[in-house]
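Taking the hints into account, I'd like the entire structure generated from these sequences.
Spelled out from the first residue to the last, the chains are:
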Amino acid sequence: MAPDLEAIAEQVFVALADPTRRAILAALATDGPATATDLAARLPITRQAIAKHLALLADAGLITPEPGERRRVRYRLRSAPVQLAQQFLAALANDWDNRLDALQTYLATP
Amino acid sequence: MTSQFPDRIERTVTLSRPPRDVWRALTTAEGLSAWFGERATIDLRPGGTATMTFAGGMTVDMRVERVEEPAVFAYTWRLPDLPEDDPRRTYVEFTLEPDGNGTLLRVVETGFAQLPVETRDESYDSHGEGWTRELAELAAHVDGA
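Top to bottom, those sequences are chains A and B. Count along the first sequence from 1, then add 42; that gives the number in this note's numbering. Count along the second sequence from 1, then add 30; that gives the number in this note's numbering.
Rather than coming from a laboratory, the hints here were simulated on the basis of the structure. Keep in mind that the hints are not guaranteed to be accurate.
Derived list of chain A stretches under chain B, where covered just means 3 residues or more per stretch with a C-beta under 8 Å from a C-beta of chain B [what the hints assert, rightly or not]:
| no. | segment |
| --- | --- |
| 1 | 46-60 |
| 2 | 82-90 |
| 3 | 127-135 |
In this text, a Cβ means the ideal position worked out from N, Cα and C, and glycines have one as well.
What follows is the structure in structure tokens.
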């Protein structure tokens, strides 16, 4: 199962590497669930490009489609994969080397 | 196949003081605030709460898990980088071994690769079962069974 975690984190980082996809996620975070048409109206991107990005974001689990009004699919932000990616970064940034240096220094002080 | 997702951090360091001094540095508010955080509080017993306040004012809640003076001290805590409502914790265990006049100190932090609870749905059910089992093992370990 660990490689799946790796895969999820990788998909999240790939998804976040694109400024358009970041803009879509930011729009969903700011204003809540929206349809592709809503997003195309709000962002400087074509409806076709939006659809492509939405598909990738949905594959990464970052957004989830749900039934909206008038049988339009709208997309909702999912934060779980982002939290997973954050945890990946947290493990890298977790600073035991500096902490243990500080402990060594503290204990070496008479 | 090995994953690059780090679940475990392990460091070993040799300290010039004997285990009883290192123990005080690890398990008292005075010791912890001298090298780890700016301020610390600790109720030193399994299940006791502790807090660590870092430079900048951020405070992290901790739960004391193992107290076996002067050899093993362990706690769980929320990683500072995770959102406040994130329920996941990592487990940190310090092991102290006499080494001449000093101490061989080992710190192991595990649990970075826990899945968020919400992802255990249909999108990720491929690894759900195995992961649930692992989490149960971690929980049993952490609860000091």
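How the hints compare with the structure:
1. Closer than 8 Å: that is the beta-carbon criterion, and the segment 46-60 of chain A has 5 residues meeting it against chain B, so the requirement of 3 holds.
2. Here the segment 82-90 of chain A counts 0 residues with a CB under 8 Å from a CB of chain B, which misses the bar of 3, and the coverage is violated.
3. Interface restraint, the segment 127-135 of chain A with chain B: holds (8 residues with C-beta to C-beta distance below 8 Å; minimum three).
Violated hint: 2 only; the structure is consistent with all others.
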